[in-house]
Amino acid sequence: MKILETIGGAALETSDILLAIMTSSYGSSHSRIERRKEEIQQVRGKIIAELKEKQKLYNLISYLKKGGLVIKKRKSNREIWGMTEKGEKELKKLKTYYGKSVLPPRRYKSEASDSLTIIAFDIPEKERQKRDWLRRKLIEMKFKLVQGSVWAGKRKIPEDFVEDLNLCKLLPCVEIFTVSKTGTLDRLFL
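Quick note: the sequence shown uses my numbering, first residue -13, plus one each step.
I should point out that these hints are in silico values taken from the structure, not numbers from a laboratory.
Glycine included, every Cβ here is placed at the ideal spot set by N, Cα and C.
It is possible that some hints are incorrect.
What the hints assert, rightly or not - Quick list of the computed label-pair ranges, beta carbon to beta carbon:
#1 E113 / E71: 27 to 33 Å
#2 R92 / R114: 17 to 23 Å
#3 N45 / M8: 34 to 40 Å
#4 F163 / K75: 38 to 44 Å
#5 R92 / K130: 18 to 24 Å
#6 I3 / E71: 52 to 58 Å
Could you build all of it, start to finish, from the sequences and the hints given here?
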């Protein structure tokens, strides 16, 4: 196998040199021909890399097609790939498993309240994306950072927010308190 690779490499090297000589102008120096040969090799390298990427894509599509996850459709002389029902179910399972798109994109309507609501959470580092999502949503609902992972505000917590915390499997990591006598926190939220 190594011998064939070596012979194949030598054949390419020879063809590169010949192509460099033929495409260089008459009387070109050795260094100019070498540069031309390197340009030819770089172009070939790019073409080979592109072909490998295309082949990876074709292999992936073939794998998905064999699994019954995608199907090729024809629309006005064009081929379009679409997901099958099985593919959509599988995608939904993957999204749930990896938790990347489970994070709800909606905005929550939080109303003002007379009592102070405190939200404390301890979400593991491996769930960083969920923790960042929770922080963004608390800021959107006009809660203020008190310390570390403790947020407070004179706001009501929307029911759909609590439902989404449960959907994201964050409810066990989050504590929500409503306080009627605020003590020193009252200065922050008046």
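Here is how each hint holds up against the structure:
no.: 1; hint: E113 / E71: 27 to 33 Å; in the structure: holds (31 Å)
no.: 2; hint: R92 / R114: 17 to 23 Å; in the structure: holds (21 Å)
no.: 3; hint: N45 / M8: 34 to 40 Å; in the structure: holds (36 Å)
no.: 4; hint: F163 / K75: 38 to 44 Å; in the structure: holds (39 Å)
no.: 5; hint: R92 / K130: 18 to 24 Å; in the structure: holds (22 Å)
no.: 6; hint: I3 / E71: 52 to 58 Å; in the structure: holds (57 Å)
Hint compliance for this structure: no hint is broken.
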